[in-house]
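Going down the list, the protein sequences come from chains H and F. Going by the working numbering, the first sequence opens with residue 159, and the numbers climb by one from there. Going by the working numbering, the second sequence opens with residue 20, and the numbers climb by one from there.
No lab work stands behind these hints, which were simulated from the structure alone. Treat the numbers as computed from the prediction; the structure is a model and nothing was measured. None of the hints are false.
To list a few chain F residues with every Cβ distance to chain H over 10 Å, as calculated:
(1) Asp74
(2) Leu97
(3) Lys193
Okay, derived cross-link-like pairs now, DSS-like style, lysine-lysine, Cα gap no bigger than 30 Å in a straight line:
(4) Lys27/F to Lys544/H
(5) Lys99/F to Lys167/F
(6) Lys27/F to Lys545/H
(7) Lys193/F to Lys167/F
(8) Lys27/F to Lys43/F
(9) Lys111/F to Lys162/F
(10) Lys43/F to Lys218/H
(11) Lys27/F to Lys541/H
(12) Lys27/F to Lys218/H
(13) Lys27/F to Lys543/H
(14) Lys201/F to Lys105/F
Cβ coordinates follow ideal geometry from the N, Cα and C atoms, glycine included.
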Amino acid sequence: MTQAAGLTQSIDQIFVIGMQWLLSYVPAGAQPLVSAIVYVIALLIVFPTLFAIVTWLERKGLGRIQNRFGPNRVGPWGLFQPIADAVKSLTKEDIVPIQADHVVHFLAPILLVTAAFLAYAVLPVGRNMVLADLDAGVLFFFAIGSTMELAVFMAGWSSRSKYSLLGAMRAIAQMISYEVPMVLASVVVIMQAGSLSTVTIVDRQAGYTGIWPHWFVFTPWGIVGFTLFMIAATAESNRSPFDLPEGESEIIAGYYIEYSGFKFALFFLGEYLGMFATSGMAITLFLGGWSAPFSFLTWIPSYIWFFIKLVALICGFIWIRGTLPRLRMDQLMNLAWEFILPMALINMLVAGVWHFLPNWPLRWLVCSAIVAIPCILLGIGLKHKKKFQVRTYRYAE
Amino acid sequence: MVGDGILKGLAETARNFLGSYVGKDRLITVQYPEERIPQIEAARSFPFLVYDGPDWQAGMRCVACQICEKECPPKCILIKKSADKKPDAVGKLQAYPAVFDIDISVCMSCQICVEVCPFDAIKMDVDYDLGTDDRFAGLLLDKQRLSKSNEYYHQIHPTEAAAVDAHLAADRAKTRAAADAKAAAAPKVVAAPQQTQPVGGEPK
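Next up, chain H with everything else stripped away, as it sits in the complex (with noise of 0.2 Å):
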């Protein structure tokens, strides 16, 4: 039993093992240095073969949901699909617009993607695998959040492109009014927690009661949290049916239209990247990290476990992409002032009405019903205020 015990440990540290054997042959004063190089080829390796399946399982996905078959010709069920695509932009011409500021130009892409990299620093993605355990890893994870956005609008503005510039605006009013109902609704898994590293709160939702996990969702203000994150979440990584700023229909590709070949590439992979990175935040605040879902699956190794969370919110992300049409710039508007905010605030008030309410039966109930009371009625008021009418246009003199 114990040997078993043993053995599921090793094989949950096994990466940890191989990383202090590794750093054992290289001298102590290298061996910080030598440690994060290794774990940045890491994440180098491990995201990006995500994201080329993850391309491919979203475009299967959307296939079957509309009764096609996906990409079915290279390999077998289009499995070498995104080799191809790779070798293809990388053989594109690169077009820069004659007009384009360069320098800028070409630095968008390559700030979009090392800022997508950078909060993966904070993420814990097994027991003891984290790059970096910050003290304020929720703050870092926010603050390079908002460095993409930075790169959206140097490649939207850089372009000199009415479509670029367009969708660079639509991007920065979408991506800052998206923001604040992320932070606010990650902010009750702080209260919660107590503290802004993602260690201590993964490690705050490891126990188990019986065979249930202390994950955070599974509360009234986590389940509300979650759901407003990742609304926020699909918002930020501007996927449908928030994807305004690339509408295809209405402004092309937005920001990133003049761009060709491997940075056109570059600006898929960082989107990507950003909502693996977003995802990976919203399990780690409120899907309890890397922790199995019942007792007696721990000994799954936890880094899978953690991979088994991601991947089952990115297959939310493409459903959702396969089911909801794109909304209008003042309905997005509204969504986030008007609906997701003020329940992003009233989340807060139930998490700390939670935190002061001592049995259970009684919280559970008092929370719920300060959460649902709000949600409904806002959904009745904001539908009354729908009106039909005229529109007045306003033009510049």
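Following the hints, put chain F in place on chain H, whose structure we already have.
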């Protein structure tokens, strides 16, 4: 309730997703190079030249009258008349095309050449697999590539080909009868050579 429309939509897409794995009739995409749907009879792509019998050169119906070349709106047909003459289906000496080229990169499949042809020599093909890696020579079809047998014509347009065959047979029988009558009358009338002229120019 707020968001029940979204849930309904999600259920619908999930039903389609799972259904596409269960019911094969949902996946209506034809996997083109491997499977094809049968073409309708009225389908047409580019013109081809019909020949009778086994030999494409001997049985060619075209007599290089060049009407199609003149009528072709985008001017994609090039015909060079032969210097010598060959006997046609009823044994009459006719010119034949020494060169007959159709540039299908120019052709617009309007079928005017087919409508104006007095000899039923040019018809519309249904072959659409004409992709080539040589966009000049590969799309310039010469006499040999254009020639296809009457059996092939029957295969692709059965109704139309049967009508054409019946009409041709009647025409040829009439020509033969006229020729026989003329041969019988020839010893008496001296003006016989003049009479052959309109018969020869008459469309068959």
